[in-house]
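Listed below are the residues making up each chain.
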Amino acid sequence: MADPACSPILLSARARLVVAFVLAFGFASVQSLVMVPVLVAIGAAGLLASGMIRHNLARLRGAALLAAGFLLILPLISGQTELASLGPVTLYLEGAQAGALIAGRLLAIVALTLALLSPVSPFDLVAGMRALGVPSLMADLAFLTLRYMQEIAGQLSRGQLARRLRGGKTGWRAVPDHAFLVASSLIRAQLRSEQLWAAMRLRGYNAGLNAPVAPLGPLDWACISGASVLAVALFWLDRSL
Amino acid sequence: MHLPDGLMPVEMALAGYAGSGLLATISLSRIKRLPDPSSVVPRAAMLTTVFFAASLVAIPVPPTTVHLMLAGLLGVMLGWFAIPAILVGLFLQAVLFGHGGLTTLGLNGLILGLPALLAFGLWRSAGRRWPDLVALCAGSGAVVLALVIFAALVLAGMPAALDARAEQAALWVFMLAHLPLVLAEGLIVLVVLRVLRRTAPQLLPHG
Amino acid sequence: MTLLALSRVAVGWPGQESVLSDVTFSLARGARVGVVGPNGSGKTSLFHTIAGILAPQDGTVCLSGQLLRKGQFLPEVALVFQQADDQLFCPTLGEDVAFGARNLGLSEQEVALRVANALHACGLTGLEGRPVYQLSGGEKRRACIAGALVMQPSLLLLDEPSAALDLRSRRRLINLLAGMDQAMLIASHDLELVLELCARVIVLDEGRICADGPTRDVLGDAALMAAHGQEVPHSLTPHDTARHKHRQQTRR
Amino acid sequence: MTLLALSRVAVGWPGQESVLSDVTFSLARGARVGVVGPNGSGKTSLFHTIAGILAPQDGTVCLSGQLLRKGQFLPEVALVFQQADDQLFCPTLGEDVAFGARNLGLSEQEVALRVANALHACGLTGLEGRPVYQLSGGEKRRACIAGALVMQPSLLLLDEPSAALDLRSRRRLINLLAGMDQAMLIASHDLELVLELCARVIVLDEGRICADGPTRDVLGDAALMAAHGQEVPHSLTPHDTARHKHRQQTRR
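Chains as they are written, first to last, in UniProt numbering: chain A, 1 to 241; chain B, 1 to 207; chain C, 1 to 252; chain D, 1 to 252.
Simulated from the structure, these hints should not be mistaken for lab results.
Quantities reported herein were computed from a predicted structural model and do not represent experimental measurements.
Here a beta-carbon is modelled for each residue, glycine too, at the ideal position from N, C-alpha and C.
You may find that some hints are simply not true.
From chain D, some residues computed to sit far from chain C (all C-beta separations above 10 Å) [what the hints assert, rightly or not]:
| no. | residue |
| --- | --- |
| 1 | 55 |
| 2 | 165 |
| 3 | 168 |
Among the chain C residues that face chain A by a calculated CB cut under 7 Å, a handful are [claimed, not checked]:
| no. | residue |
| --- | --- |
| 4 | 13 |
| 5 | 25 |
| 6 | 73 |
| 7 | 86 |
| 8 | 87 |
| 9 | 90 |
| 10 | 92 |
| 11 | 100 |
| 12 | 135 |
| 13 | 210 |
With a straight-line Cα cutoff of 25 Å, these simulated DMTMM-like cross-link-like pairs (lysine to aspartate or glutamate) come out [stated by the list, open to error]:
| no. | chain 1 | residue 1 | chain 2 | residue 2 |
| --- | --- | --- | --- | --- |
| 14 | A | 169 | C | 206 |
| 15 | A | 169 | C | 95 |
| 16 | A | 169 | C | 231 |
| 17 | A | 169 | C | 17 |
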């Protein structure tokens, strides 16, 4: 089996993105419950191979909660065939099946994308998107957003702090204050963007903010073809079962 | 209000990408008609960052805390730039925080992008005449439209074996739970646009 | 009369190096004390602890004899941020200055009176309606101070008050601060400003107090200053006109 | 040899008061000149005009004998902004420094060489991979200068280079600038820095040049300085230890 996460450093961000998209869509196409263990096994293998298990497990928490929600709620509210009855609560088979399918796909896709994409910096991913043909306007937008995210989030939290230190209200009455904060941030952002544009122009910005990209290597191509084969195999297996 | 990976059938996810791709193509071609498109990139990027950062701040709206969606405000402030900004934001959210998902990025783009364009259209056509009313409608309306698209997609995408009545009931609960967000967003957009009109009208190019 | 007393205060997060350790000092009502030290020496953490934003891991902070608890709203202490823009979030100057007073639950009349007084004290009368972003750097700084004064605090914490001001605005700020009777802690790299305003100075480095004494003695101690990344202010050094010469070029 | 020559330059917008008027001066290759004046005196507009962002309404700007046109990309002139964060828009230090060199259309090898040299000159070697937001204030300032140096400019325009730096970073910056052989215009409120680095200074007020001469003579002229909102630097004033006394309090 082509396990692309075996070489977390060598594989380019572009190949990682392609592999992640191909496999995620392959997983999403699965409709039979029998295949779910296979998906989960691949996802888990990817997670193990990524070498950042603790980090990725922590980031998987949200998806795990959501999956647990589907697993718990769908059997309660949906289906015709009674599976079990515990006092006033009835569990239905169809709901349980749908819940297991959705939860399995969700966890497998998120685990796999984390395993593939979390070793690469977000900036490299955006550069990879650009190399894959995403319009440079969008890639530049993503670059600058990533660059200034921390700073603007810091500004907003300092603003919240200033509000609190001056006895700012809580609850509904805080909503207009929050709007003031957003408005003043927007005005500051606008003023800053004029400086930013001057700086970009003075250093010769014409098209694109990032370095030229190297061509895809043999390993990249191998992983992309491996992932495509795996995705088609999953699809074919699923439909033939 | 993001559709997670694994929930929607693959055909719908692909259709979502097609829809978002179309929206992006239209807005990019509109942007290219501007006199100097690249000069607007820094401004759009800075504003996008503010929206992105502001949507991460939890604001207390009893009985819960909510994260703002800000699709309406985004549409009013950025116009056609709202679509690329939303797609970029969704991609970064999926990669950085695991919100939403890779396969559902296209669908999520529609859930936020169409309301943003609605707000943009509302503001451009009537913002000058009834600014406060339009701001309120743009803010709350964007959330309502996003909820409706979200619910419609979920209904269309769920396995047929499921009991439609129970599903609808669950969706109603979901929509009611978002009522505070509808009100809070309307109020926020109203106040923000009022402040901008009063102190920095040059920030509102249309309306 | 003691207004503020810190005793063996330590601040930090479990498993990390502490940002403040064993900080002990007290401050009399109405006293002005400078706090100097390199960036990262713990000045901001110290201010956040006194303002009740950070809770000390160890030790106590007492204000007017009362023990401080974290998260408490303290109208008595006003923190003036280094970045004026972060502090001024209301649309206009008047609204921003009134913000704190409104939150004290005062009558509108009382609020208006306090705002007028604070604006007058800071030389901002007549600018109430001005959008905040249109103010100059010096006006923003004074607007932050006005927003603090309106709550009638007994202690002002000023973080780099003269940063990014031109000389005229800096002079005006110094005159304003010199005329106020609130107690102040002034963190600054502008040692000349500290020298002009404060009779006492505290040197902070790596989270510890390295010196605490009369400003002229402490800032004039070349060995001490050099050890903590500071320089003796020019107004305290013997004149040495040759000093600039070697750097300057002859080309014009 | 004249590098830059401004002749009767006026900048402004139709129907508004002009921000610069009748500005004439020239600058030799390798010379360092200070530009002082209150905020709003036109320093930033002057720099933007020389960098080709603003077009003069009247008069001419010549660089190496060539007339400047607006909007031209001028690798020969590098502007270092007051706000380092606005200038460092790339994700990591290395990429940011390389940005300008890449846009000159150099080969990747040449880019890498220039980046390494610029980083070395600014004492930033080894920090290439560091995200920009994690740099300290002093590192950011030097990163901006490295990003300028990589384009091998013959003129550097520095806008408030020492703003928001602590004394250690400021000293390091002064040493860096003193060792560079590019021509520089340094706009600063930090007159001690101007005094250390520049043999000549230009005083700007209300868009006009009020004085242009040897730094020590100009900055030491108390009447001139006071007339333009400046103060004679402490290192040029006769010692007057009583000066601080009247402001300081006796309370501690």
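Structure-based check of each hint:
1. 55: holds (25 Å)
2. 165: Since the minimum Cβ distance to chain C is about 7 Å, residue 165 of chain D lies within 10 Å and the statement is violated.
3. 168: Contrary to the label, residue 168 of chain D does not stay out of reach of chain C, its closest Cβ about 4 Å off (not over 10 Å).
4. 13: Where the cut-off is 7 Å and the nearest Cβ of chain A is about 17 Å from residue 13 of chain C, the hint is violated.
5. 25: violated (22 Å)
6. 73: holds (5 Å)
7. 86: Where the cut-off is 7 Å and the nearest Cβ of chain A is about 4 Å from residue 86 of chain C, the hint holds.
8. 87: OK, holds: residue 87 of chain C within 7 Å of chain A, min 4 Å.
9. 90: Hint on residue 90 of chain C: holds, closest Cβ of chain A at ~5 Å, below 7 Å.
10. 92: violated (10 Å)
11. 100: holds (4 Å)
12. 135: violated (12 Å)
13. 210: violated (28 Å)
14. A/169 with C/206: Status violated; Cα separation ~36 Å.
15. A/169 with C/95: At roughly 15 Å apart (the allowed maximum being 25 Å), residue 95 of chain C and residue 169 of chain A satisfy the hint.
16. A/169 with C/231: Not satisfied, since the Cα-Cα distance of roughly 44 Å exceeds 25 Å.
17. A/169 with C/17: Cα-Cα ~35 Å, so violated.
Of the numbered hints given earlier, the model fails hints 2, 3, 4, 5, 10, 12, 13, 14, 16 and 17; all others are met.
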